[in-house]
Structures are given as C-alpha cells and as structure tokens.
Amino acid sequence: LTLDWTATAIFVALFAFVTWLGFVAAHWRKGDLNLLHEWGLGGRRFGTVITWFLLGGDLYTAYTFIAVPALIYGIGAMGFFAVPYTIMIYPILFLIFPRMWKIAHERGHVTAADYVRDRFDSRMLALAVGGKSGVGPTPACFGSRWRRWGSSPRCLISPFSWSAWRW
Amino acid sequence: MAQSEQTRVWLRYWPRLLFVLPFAAMLWVPSYNRIEPEFIGIPFFYWYQLLWILLGAAIVVVVYTIETRSTRAREKAGEIDTTGVPGDLF
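Here the protein sequences come in this chain order: A and W.
The first sequence runs 1 to 167 under my numbering.
The second sequence runs 1 to 90 under my numbering.
Worth double-checking, as some hints may not be accurate.
[As the list claims (entries may be wrong)] Calculated cross-link-like contacts (lysine to aspartate or glutamate; reagent style EDC-like; alpha-carbon spacing at most 20 Å):
1) A:Lys102 x A:Asp114
2) A:Lys102 x W:Glu75
3) A:Lys102 x A:Glu38
4) A:Lys102 x W:Glu79
5) A:Lys102 x W:Glu67
6) A:Lys102 x W:Asp81
7) A:Lys132 x A:Asp118
[Stated by the list, open to error] With beta-carbon atoms standing in for the labels, derived distance ranges:
8) A:Lys102 x W:Val62: 19 to 25 Å
9) W:Trp10 x A:Glu106: 24 to 30 Å
10) A:Pro69 x W:Ser31: 24 to 30 Å
11) A:Ala16 x W:Val9: 53 to 59 Å
Everything labelled a hint here was simulated from the structure, so no lab data went into it.
Built from N, CA and C at the ideal position, the CB exists for glycine as well.
Construct all of the structure, not just a fragment, from the sequences and the given hints.
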C-alpha cells in the first residue's frame, strides 16, 4: 500500500480548513440556540448569498455524488432523469418559494410541517409531512450505501427527523 | 390611463410564460434521444441536457430581472411596499 501524497495533502488541508471554518462560524453572528428558529433557521437572518450556498448544499448531497452515478453505472442513460428533473424543479420553486417564505415569515413557521399545520389546521397532516421529510431520504440512503455497508444503521436514524417532533 | 385588473396581472407576470421552454425541451425526449452531433466527444443526448441546465438558469435570471424591475418601478410609484420581502444580500 503506497500513500498518495497529493490526495492526502488535499484531504488534510480541506479537513483542517472546514474544521477551522466551523469554529469561526460558531462565533459569527451568534444567536440563542435554545430558540428553535435560531437553531433551525439561523434566526431567519440569512440573505441571498448564504441561502445560495445552502441550496447548493441541499442539491449536491450524497444522492448527487453517489446514488445518481451508481444508478447510471447500473442501468445507463436512464439515470439521467435527475438532470431534466433538476432543470424543471427550479422554475417551480421560483414561483412557489417567495410566497411561502413570506407566509412562513409572517406566521413564524420553522418547518414545512408547521406551515401545513397552520394552513390546514390539521395535526395529522403535519405529522404526515414531517414524517415524509424524514422517511423520504431513507431509500436513497440505503441505495447509495447498500454495496459498501449493507443496510447501514445510519439510514434508520434519518426517519427520526426533528421536523416531525414539533407535532 | 386606467388598466383592467387582467391587464395588470398580464403585464406583471407575462415573463413567467418563458418557464414553458425548459419543460417543453426536457419532456420532449425524442427530440434529443440521439448520439449525433457530438460535442468534444460527448454524445448529443448528454451535452444537450447539460446545456439546458445553463439555459434554464438563464431563463430564471431573465424572469427574475424583469419582475424585479417592474416591482421596483411600482414601489417607486408608491403602489406597493416591499419592506421585509426576500432579496436582501447576506
């Protein structure tokens, strides 16, 4: 086994940078983390640039880097559905999200489940939405980790998304 | 000059019709389900979809710019108040 110095150096440098960035960010515009909207939404103080990075982090997940390439490797061009899907989802979000942002801001919603509970006055529907946002990523999680770790126990933790807890 | 409510809505939201383009292009799979013409060795099927990522983003930018301009103009005219509406940097 030979050590790849270039790869190791890049990995260590990035690891150190991200760790340093994490500690710096912990003190940047510090909020009271006992408040749910401070912990979950950064105190609703994020603007365009930070949100842009957050959306990037949402899009380029393990699904993008592992599950979709694995699917294309397995069944070929059919896995390319992910590209048109992404192209079409953005206009939809462009039309819906500013309105939803405004309502959530005015009514103090933190999660999608909060919005549904308020809008439809239904705790069960809110539980369904919160549960879905927890269970939804699970198949992708299993799919992407199946070959390496078998049924990874980490995938079973994801359904206990905190979004369902506020029910 | 008095405008009807319908005219106002049309003038304000017509750029959103541009969003039909990426849907039409991407859902019309037979139009790009082929290998030729290749681009730097990449089959048409692949580079055409990747190109539409850029075109789709460009369309969103165009729609956003037009709508923001009309919103700013209406705000200046005192028709609306956009305080607290998303769009602030950081």
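Going through the hints against the structure:
| no. | hint | in the structure |
| --- | --- | --- |
| 1 | A:Lys102 x A:Asp114 | holds, 14 Å |
| 2 | A:Lys102 x W:Glu75 | holds, 17 Å |
| 3 | A:Lys102 x A:Glu38 | holds, 18 Å |
| 4 | A:Lys102 x W:Glu79 | holds, 19 Å |
| 5 | A:Lys102 x W:Glu67 | holds, 17 Å |
| 6 | A:Lys102 x W:Asp81 | holds, 13 Å |
| 7 | A:Lys132 x A:Asp118 | holds, 18 Å |
| 8 | A:Lys102 x W:Val62: 19 to 25 Å | holds, 23 Å |
| 9 | W:Trp10 x A:Glu106: 24 to 30 Å | holds, 27 Å |
| 10 | A:Pro69 x W:Ser31: 24 to 30 Å | holds, 25 Å |
| 11 | A:Ala16 x W:Val9: 53 to 59 Å | holds, 54 Å |
Checked against the numbered hints given earlier, the structure satisfies every one of them.
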